[in-house]
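Chains as they are written, first to last, in our numbering: chain L, 1 to 484; chain R, 1 to 412.
No lab work stands behind these hints, which were simulated from the structure alone. Glycine is no exception: its CB is placed at the ideal position from the N, C-alpha and C atoms. Heads up, a few of these hints could be off.
[What the hints assert, rightly or not] Per the computed footprint, the stretches of chain R lying under chain L, defined by three or more beta-carbons under 8 Å from a beta-carbon of chain L, are:
(1) 111-125
(2) 173-181
(3) 197-207
(4) 210-217
(5) 273-284
(6) 329-340
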Amino acid sequence: MAAPFANSVSPDPALVALNRFGLGAKPGDEFGKIAADPRGYLEAELKQQDVALISPDGPRNAGLLDSTAAIQASMAAAMERKAARAERAAAVMQPATDDPAGPAVAKAKPLVPHVEADIYRDEAQARFDKALTATPGFVERLVGFWSNHFCVSVAKAPVVRACAGAFEREAIRLFVLGRFADMLLAVEHHPAMLFYLDNRQSIGPDSRAGKRRGRGLNENLAREILELHTMGVGSGYAQADVTSFANMLTGWTMAGREGRLGEPGSFVFNANAHQPGKAVLLGKTYPDGGMGQAEAALNDIARHPATARHIATKLARHFIADDPPPAAVARLGTVFSKTDGDLRSIALTLIDMSEAWSTPLTKLRSPLDYVVALRRAVGATAGNEPQRSLRWLSVLGEPLWRPPGPNGFPDRTDAWVSAEGLKTRLDIAWQAAKQADDIGDPDEMLGSLIGTSVSAETRQAISRAESRQQGLALLLMAPEFQRR
Amino acid sequence: MSLLCETPSLSRRAVLISGGALFAWAYLPRFARAADKRDPRLIVVVLRGALDGLSTVGPVGDPNCAGLHGDIALSLSGANPALPLDGFFAVNPAMPVFARLFKAGQAAVVHAAATGYRDRSHFDGQDVLESGLPGPGSATTGWLNRALASLPAGERVARLGGLAVGPSTPLVIRGAAPVLGWAPQALPTPGDALAERVLDLYNHRDPVLAAALQKGLDADRMALGDQLDGTTMKPKGGLDNAADMRQSAQGAARLMAADDGPRIAALAFDGWDTHVNEGGATGRLANLLGGLDGAFEEFEKGLGERWRDTAVVAITEFGRTARINGTVGTDHGTGTVVLLAGGAIKGGRVIADWPGLKPAQLYEGRDLAPTSDVRAVLKGLLADQFGLSPAVLGDKVFPESAAVKPMRDLVA
Numbered sequence: 001m002a003a004p005f006a007n008s009v010s011p012d013p014a015l016v017a018l019n020r021f022g023l024g025a026k027p028g029d030e031f032g033k034i035a036a037d038p039r040g041y042l043e044a045e046l047k048q049q050d051v052a053l054i055s056p057d058g059p060r061n062a063g064l065l066d067s068t069a070a071i072q073a074s075m076a077a078a079m080e081r082k083a084a085r086a087e088r089a090a091a092v093m094q095p096a097t098d099d100p101a102g103p104a105v106a107k108a109k110p111l112v113p114h115v116e117a118d119i120y121r122d123e124a125q126a127r128f129d130k131a132l133t134a135t136p137g138f139v140e141r142l143v144g145f146w147s148n149h150f151c152v153s154v155a156k157a158p159v160v161r162a163c164a165g166a167f168e169r170e171a172i173r174l175f176v177l178g179r180f181a182d183m184l185l186a187v188e189h190h191p192a193m194l195f196y197l198d199n200r201q202s203i204g205p206d207s208r209a210g211k212r213r214g215r216g217l218n219e220n221l222a223r224e225i226l227e228l229h230t231m232g233v234g235s236g237y238a239q240a241d242v243t244s245f246a247n248m249l250t251g252w253t254m255a256g257r258e259g260r261l262g263e264p265g266s267f268v269f270n271a272n273a274h275q276p277g278k279a280v281l282l283g284k285t286y287p288d289g290g291m292g293q294a295e296a297a298l299n300d301i302a303r304h305p306a307t308a309r310h311i312a313t314k315l316a317r318h319f320i321a322d323d324p325p326p327a328a329v330a331r332l333g334t335v336f337s338k339t340d341g342d343l344r345s346i347a348l349t350l351i352d353m354s355e356a357w358s359t360p361l362t363k364l365r366s367p368l369d370y371v372v373a374l375r376r377a378v379g380a381t382a383g384n385e386p387q388r389s390l391r392w393l394s395v396l397g398e399p400l401w402r403p404p405g406p407n408g409f410p411d412r413t414d415a416w417v418s419a420e421g422l423k424t425r426l427d428i429a430w431q432a433a434k435q436a437d438d439i440g441d442p443d444e445m446l447g448s449l450i451g452t453s454v455s456a457e458t459r460q461a462i463s464r465a466e467s468r469q470q471g472l473a474l475l476l477m478a479p480e481f482q483r484r
Numbered sequence: 001m002s003l004l005c006e007t008p009s010l011s012r013r014a015v016l017i018s019g020g021a022l023f024a025w026a027y028l029p030r031f032a033r034a035a036d037k038r039d040p041r042l043i044v045v046v047l048r049g050a051l052d053g054l055s056t057v058g059p060v061g062d063p064n065c066a067g068l069h070g071d072i073a074l075s076l077s078g079a080n081p082a083l084p085l086d087g088f089f090a091v092n093p094a095m096p097v098f099a100r101l102f103k104a105g106q107a108a109v110v111h112a113a114a115t116g117y118r119d120r121s122h123f124d125g126q127d128v129l130e131s132g133l134p135g136p137g138s139a140t141t142g143w144l145n146r147a148l149a150s151l152p153a154g155e156r157v158a159r160l161g162g163l164a165v166g167p168s169t170p171l172v173i174r175g176a177a178p179v180l181g182w183a184p185q186a187l188p189t190p191g192d193a194l195a196e197r198v199l200d201l202y203n204h205r206d207p208v209l210a211a212a213l214q215k216g217l218d219a220d221r222m223a224l225g226d227q228l229d230g231t232t233m234k235p236k237g238g239l240d241n242a243a244d245m246r247q248s249a250q251g252a253a254r255l256m257a258a259d260d261g262p263r264i265a266a267l268a269f270d271g272w273d274t275h276v277n278e279g280g281a282t283g284r285l286a287n288l289l290g291g292l293d294g295a296f297e298e299f300e301k302g303l304g305e306r307w308r309d310t311a312v313v314a315i316t317e318f319g320r321t322a323r324i325n326g327t328v329g330t331d332h333g334t335g336t337v338v339l340l341a342g343g344a345i346k347g348g349r350v351i352a353d354w355p356g357l358k359p360a361q362l363y364e365g366r367d368l369a370p371t372s373d374v375r376a377v378l379k380g381l382l383a384d385q386f387g388l389s390p391a392v393l394g395d396k397v398f399p400e401s402a403a404v405k406p407m408r409d410l411v412a
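One chain only, chain L, in its complex shape (with noise of 0.2 Å):
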């Protein structure tokens, strides 16, 4: 839905560079020195040097863990969960005593900790940091486009909470400006997406395992690889190519914690769990390689003309607009074959096209975009993070890597301008207004966070504000704020 005061001048170029493709303005950008570059200013921060990827020697980070520690921490926190239920149960089926204090020492027995939400916790705070910092955040917001095409969701299960931050620094960041076939092998590979989408446990009916135990294939995961992660619906796959698929990705799975596949935690190809024989997807015949088949066949997916021009498609929408001009997406899939996938050559391109620069700023920022925005904007403030934010993100329904369903969170504008959402964004930016630390003059923070094509409306209700921090909690909401 277009916004209505949409005109035919191009929008000030450093709000483009901003919002659009960043992050949000921080308190001191200078938007004259970054509308007479803006693309210049854009490109700078895709040349620094593993500009992606969250560093360890942060002293916040230092801590965080891979996630095969990840994933065995939460497999040792199930152990113990399990044997304090058993305690608890074996305490409750004991014969009742005079004694009051023989239950109550049972009860008061301390639970066993969640190491999984401290995991998330932690990561969760070194992802807001990172946002918090980056100048102007377009790796980021890249980041999150591809954490959201390859999305997990830590509802499926403790493991997944465990890994899900994990995953996105190693599946993600580590290949967001690399090729796209290297991320989407990595995504599949990786113990948070077999686990996700329910490959762990596929069998495939003729292997050994399959035989033996009477259980067999699941065709979830393979499913969602051609109709999400690659070729996208209805581009010419059947039934039968899932079925195939499944078959061919049998075996992948992640090592128990017995530790008999493998290392726990950690991604095995379970050979006797795959299905034996040669498979046929897609018109083409693949010779039983074991591990090898399904990494053929993810290879050839990722280069399919189809998946050029699915991921052009959703990346055209992501930073141009829900129904991004023809000639844009077109461009991006050109590109996008030409280079085999190059995911940087694809964000210049991005930042290159006329069609970003002159497309009026109409699509409301996502949830996360807007919480990261109002606390760029308002700096530090008396809120406790990360526990203010994440639970930001959950009543505006974007809580953060839990999507509703493997398609991530929508991506066009009429799913957040809601009653409940935009009713929502006002309680939020009155409580981050009132937990300002400092709030300066609003007319300069106006200035400093909106640039000068503000509009006459926005200035004066600004103006008249009866405090500062109702003066900030309105440029919070103002559309120029909400909008990008």
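Fit chain R to the supplied structure of chain L, relying on the hints for placement.
Only chain R this time, still in chain L's reference frame:
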């Protein structure tokens, strides 16, 4: 189509009868019974993720069911026996409220149902289910909103608008007709002063945001006026657990019970994509069904006297494989159930042209074959509750669906 007006009267009834004749209906729409002061309501619950119909309402009388669904098949014996409905079908024991309503003639099931969509993508399937369009595409409006928009302007149901429950508006109720948004209050609220100023700014600069915020504020005030319990609020991500389902139903019912509350509402419950360890009479699916059952109970309680005229319908994008997969779950399938509840429902019936579960009877050798169209059920409800004509239903509400006739006599 100004057939409806505010105050029911005998003379209006006469008009309505002639209206029925005008539209060449062979039966009198239930909404037209002005004399008994019917005030119909419709609640649509979208179950996202594809509900396993065979584990919700199990064909325990079909000898082939147990073989296909294995250890998780519903059964009339065992520790958690399914609750018998009619000698052939039994409902999951996690749904005692539904079973009670069924016995009381206030709940019904349409089995082996599916929309017109025959592929197995959740997201296209949900698009078709909620948009009401014949196929997937970039839909921006839902059939429930278009039904609302098709009612005569100024008519009570149209005037009071719809209600969307949850942090984002389900597609099924998105569109031109006004829709209130409501979700349990979770944050301290700013004073009216800030709200008015932001609204004023939006009115000048961004009418789309203005309309959304206005509706959000309105719904909030209505809910506060009803003294909704504001102490037990939980994070509002997707509604994918039993407590959230119950709580959102409670809020929706209180808003809808008000004389000036919305008559049409949509809720979306997530989490039905049970590929692994689905469980049967107990387990993951049963927990979710317990949440849905709790929602039915909250609707019944919260709507009070108005439950009499209410129809609740729970729909899902498609069913799941008849045979369990290799991980004691089920993959994406086709035929499933539509659940109906409410005092308005002519209940106590499982409506099914049962296709059977022999290998040759399964759709594409794997799914429960669909023999009823979900759209027929929805059209029947909209016709009976709000008097929408087959022509409007087949053209505006569910485009290009004239061949799908409204299912009759769903409403008592």
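query: Among all the numbered hints in the text so far, which are the ones the structure does not match?
result: Going through the list in order, the structure violates no hint and respects every one.
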